[in-house]
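> Chain by chain, the residues run as shown.
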Amino acid sequence: MSSIENVSRRKFLTGGVVVAGALVLGVRYYPKLLSGTTFLRNTNADHAKLNPSVYLGIDPDGTVWIVAGRSEMGTTSRTTLPLIVADELDADWNRVKIEQAVGDKRYGDQNTDGSHSIRSFYDAMREAGATARFMLIQAAAKQWGVPPAECETELHVVVHRSTNRRAGYGDLTRAAAKFPVPTREELKLKPKSAWRYVGKGHVSYDLEALVTGKAIYGMDARADGMVYASVEHPPVIGGKVKSFDDKEALKVAGVHQTVAIDPFQPPPAFQPLGGIAVIADNTWAAFQGRKKLNITWDNGPNETYNSDAYKNELRETSHKPAKVVRNIGDADAVFAKGGKVHEADYYVPLLAHASMEPMVALAEFKDGKATLWAPTQNPQAVQDIVSQQLGIAKEDVICHVTLLGGGFGRKSKPDYVAEAAVLSKKVGRPVKVVWTREDDIKFDYYNAVAAMYMKAALGSNGKPTAWLQRSAFPPITSTFDVNAVYGDPVHLQQGWTDIPYDLPNLRVENGPAKAHVRIGWLRSVANIYHAFAIQCFTDELAHAAGRDPLDYLLDLIGEPRTIDFKGVEYPNYGASLDAYPWETGRLRHVTEMVAEKSGWGKRKHSKGSGVGIAAHRSFLSYVATVVEVEVNDQGEVRIPRVDTVLDAGLVVNPEATRAQFEGAAVFGASVVRSGEITVTKGAIDQSNFQDYPVARIAEAPSQTNVYIVDSDTPPAGVGEPGVPPFVAAFCNAIFAATGKRVRDLPIAKLGLT
Amino acid sequence: MIQLKVNGADQSFSGDSEMPLLWYLRDVLGMTGSKFGCGVGLCGACTVHVNGQAKRSCITAMRDTAGKEITTVEGIEMNGLHPVQKAWMQINVPQCGYCQVGQIMQAAALLSTKKNPTNQEIDEAMSGNICRCGTYQRIRAAIKAAAEEMT
Chain A
18 MSSIENVSRR KFLTGGVVVA GALVLGVRYY PKLLSGTTFL RNTNADHAKL
68 NPSVYLGIDP DGTVWIVAGR SEMGTTSRTT LPLIVADELD ADWNRVKIEQ
118 AVGDKRYGDQ NTDGSHSIRS FYDAMREAGA TARFMLIQAA AKQWGVPPAE
168 CETELHVVVH RSTNRRAGYG DLTRAAAKFP VPTREELKLK PKSAWRYVGK
218 GHVSYDLEAL VTGKAIYGMD ARADGMVYAS VEHPPVIGGK VKSFDDKEAL
268 KVAGVHQTVA IDPFQPPPAF QPLGGIAVIA DNTWAAFQGR KKLNITWDNG
318 PNETYNSDAY KNELRETSHK PAKVVRNIGD ADAVFAKGGK VHEADYYVPL
368 LAHASMEPMV ALAEFKDGKA TLWAPTQNPQ AVQDIVSQQL GIAKEDVICH
418 VTLLGGGFGR KSKPDYVAEA AVLSKKVGRP VKVVWTREDD IKFDYYNAVA
468 AMYMKAALGS NGKPTAWLQR SAFPPITSTF DVNAVYGDPV HLQQGWTDIP
518 YDLPNLRVEN GPAKAHVRIG WLRSVANIYH AFAIQCFTDE LAHAAGRDPL
568 DYLLDLIGEP RTIDFKGVEY PNYGASLDAY PWETGRLRHV TEMVAEKSGW
618 GKRKHSKGSG VGIAAHRSFL SYVATVVEVE VNDQGEVRIP RVDTVLDAGL
668 VVNPEATRAQ FEGAAVFGAS VVRSGEITVT KGAIDQSNFQ DYPVARIAEA
718 PSQTNVYIVD SDTPPAGVGE PGVPPFVAAF CNAIFAATGK RVRDLPIAKL
768 GLT
Chain B
810 MIQLKVNGAD QSFSGDSEMP LLWYLRDVLG MTGSKFGCGV GLCGACTVHV
860 NGQAKRSCIT AMRDTAGKEI TTVEGIEMNG LHPVQKAWMQ INVPQCGYCQ
910 VGQIMQAAAL LSTKKNPTNQ EIDEAMSGNI CRCGTYQRIR AAIKAAAEEM
960 T
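Protein chains in written order, with the numbering used here: chain A, 18 to 770; chain B, 810 to 960.
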């Protein structure tokens, strides 16, 4: 490989391109041939004797270093992506060591959200492993004087069968490193029959550390000379400090000083919220000092925001003609004819993430550079915001990614990391910012509150002859653009514009809504409220028609076909419709399969008990779920059983995938049972788990059975797609058990007694 | 001056006696296995054993630890893994793992008094421990597996 080629690759890579093309090049990027290149942080993989990829290095002792570029928050991406590399390398998993990457664009997109770690990096990981295997084979073949084509690999060794010669990977590294990195075309990827790990999976690389308390989360990061900070933020978003008195705070033992943080300039994006920080010897002293602050706030324009009134506004908006985002036929003409019509209003409030680890970050600003240790889903966004906030180059921001104590989308938004960086610069020491649970609940980027108006004209067989659905919700884009009020295609696609029913007349609309809190993405995002409205409305129509909800749902899904998105702005989760077409047959298949697995229509349900069904595609995966509920005389709801079937294409780690769907059911149970953030005069009413309860062990499903469709289609998402159909199926089950229709979440306010 | 034992070792503490045990363990002793989740005893992530009983260290003031024996995850088993930890690995319970140390300490305390807990007894004993990733059904299975192992 000539140096010219390498330089051109380098230029390409440093051009800020983070699309798939750059990733593929990144895999074969060979830093050893580039003199003078400096990285933000060299990894052991970079230093290894054989290092054909930014993701992979092999040392003479046979140790395989694999770099995890994506964050670990419990989905096992830190394990599962390296498994793909190890498989294609024919590496012994026991000799693999995983290193967590710092934020660095050379790894491609590191924003671990959107359920796309496997989908976006599957090819890149395979190529990284195959590249090293190719070079090891070349080295062995040369050593033995045989053609490379006669050599193959077994576990961690190259073999030449006819002469019965074997060489361990470690022993070959020096010789292999002298060979050029092969091109993509030269690589031979393993056939499925030879896969060791892909499709079989593995438990987390960190499993033992997780059960022994040795795992290091952001909360556990330490640095020499570090002080602790707790920040009193403006209670209303966009507010600022009018005046403050810290005399009493400074009297608290262990408190060093207070520091004012500037309010953000709208839009908020990932800027710190501003406020007064208390700096102390330990976390407790910082918390105590903060309680003694006396602050007068200027609450700003959002002080007029009340969530009760806003709910009515959203509902009114959803009743008025709005922006048409998809249209088939002429629904209005059908409605104008009169006849039987069914209408319903659905509502989902603001939701908080409430990851078990509150927001926390450790920052050290020294000699013009910032070093951070943070539980972040998005270390490159950390680099961006910290460089902006401190006025330093992005390359001078080193973001180490710790394990995350949950993320669910919240930790993609690094306002808390920027806060630590700003404080370290002001204090001149390493600062660890620790948010309380109250901070976490009150200063979240909430999943949008949403109102959905649904209307169907019904034919003689109870099937819709026309369908109108209209939503209104403050869009996520408002966090980045103060003028944004309409849903953007990225979020309207999430179960709204892609309603999969075979309908002759369909109109999908979206109305405007202004945000008064920070809106952000939360596990499955807009799919939650969209699937809730569509799948529960479907259940309503089935009952109105006197039909079995499963049969009716299948009838609406119709015959297998590929949805035509002509005239619709449909981003398809960033994937091409050629590689990932929207196939109703797959949705139909998971629906039929879950009916069979759950014994739909075959099980007897006693009084107060019932089942509900829902089906939904999100993050390119097709999922159908049946939920069984029991409601007693006190109105207490139990969930004895959940059955869920998913078609996520090729599933690399089935065990981890089952765990994701078990967890999604619990996450969905929290949404339905109790998830609600309300706002009074611009300030969040909830504060901790007593008023923002999440499902505890007895409130979670007792048993969730997960079935994975065997598929060779490209991999799709598994972290998020379990939530939306669970939410709708749970609500449909409550109707089956009690006759009470859930249209407003959460059910805590339904009054089931 | 407060004298206490942490994982068998004598310790003394002369700071703010109102400071919760959790922050003493984490910030003073540097034992970070016990986690901060809510600060008010609602989530169980900070669970440790005080004289063998499961307690929320985030609401246990240092003054109430005088003369007590504290066991944290760092000291739950001096030789290898505790049967509950082994069961947690066997059933592959953790997702993010942040709450799991607290869950394990709570489960170990349960099994020290109830050899074969029923589902209902498990649910009651574990009701104070939140897992936002939703690993509850595996927690239940792991407690049963550990119970079997320990008898």
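Hints in this document: simulated from the structure, not taken from any laboratory.
All C-beta atoms, glycine included, are put in the ideal place defined by N, C-alpha and C.
Treat the hints with caution; some may be incorrect.
[Unchecked claim] Within a straight-line C-alpha distance of at most 27 Å, the following computed DSSO-like cross-link-like pairs (lysine-lysine) qualify: (1) A/K386 x B/K953; (2) A/K443 x A/K383; (3) B/K953 x A/K217; (4) B/K877 x A/K217; (5) A/K614 x B/K953; (6) A/K308 x A/K217; (7) A/K114 x A/K217; (8) A/K231 x B/K877.
[As the list claims (entries may be wrong)] From the structure, some residues in chain A lie toward chain B, with a derived Cβ separation under 7 Å: (9) M90; (10) G218; (11) V220; (12) V228; (13) N299; (14) G423; (15) R454; (16) G680; (17) A717.
> Among all the numbered hints in the text so far, which are the ones the structure does not match?
Going through the list in order, the structure violates hints 1, 4, 6, 10 and respects the others.
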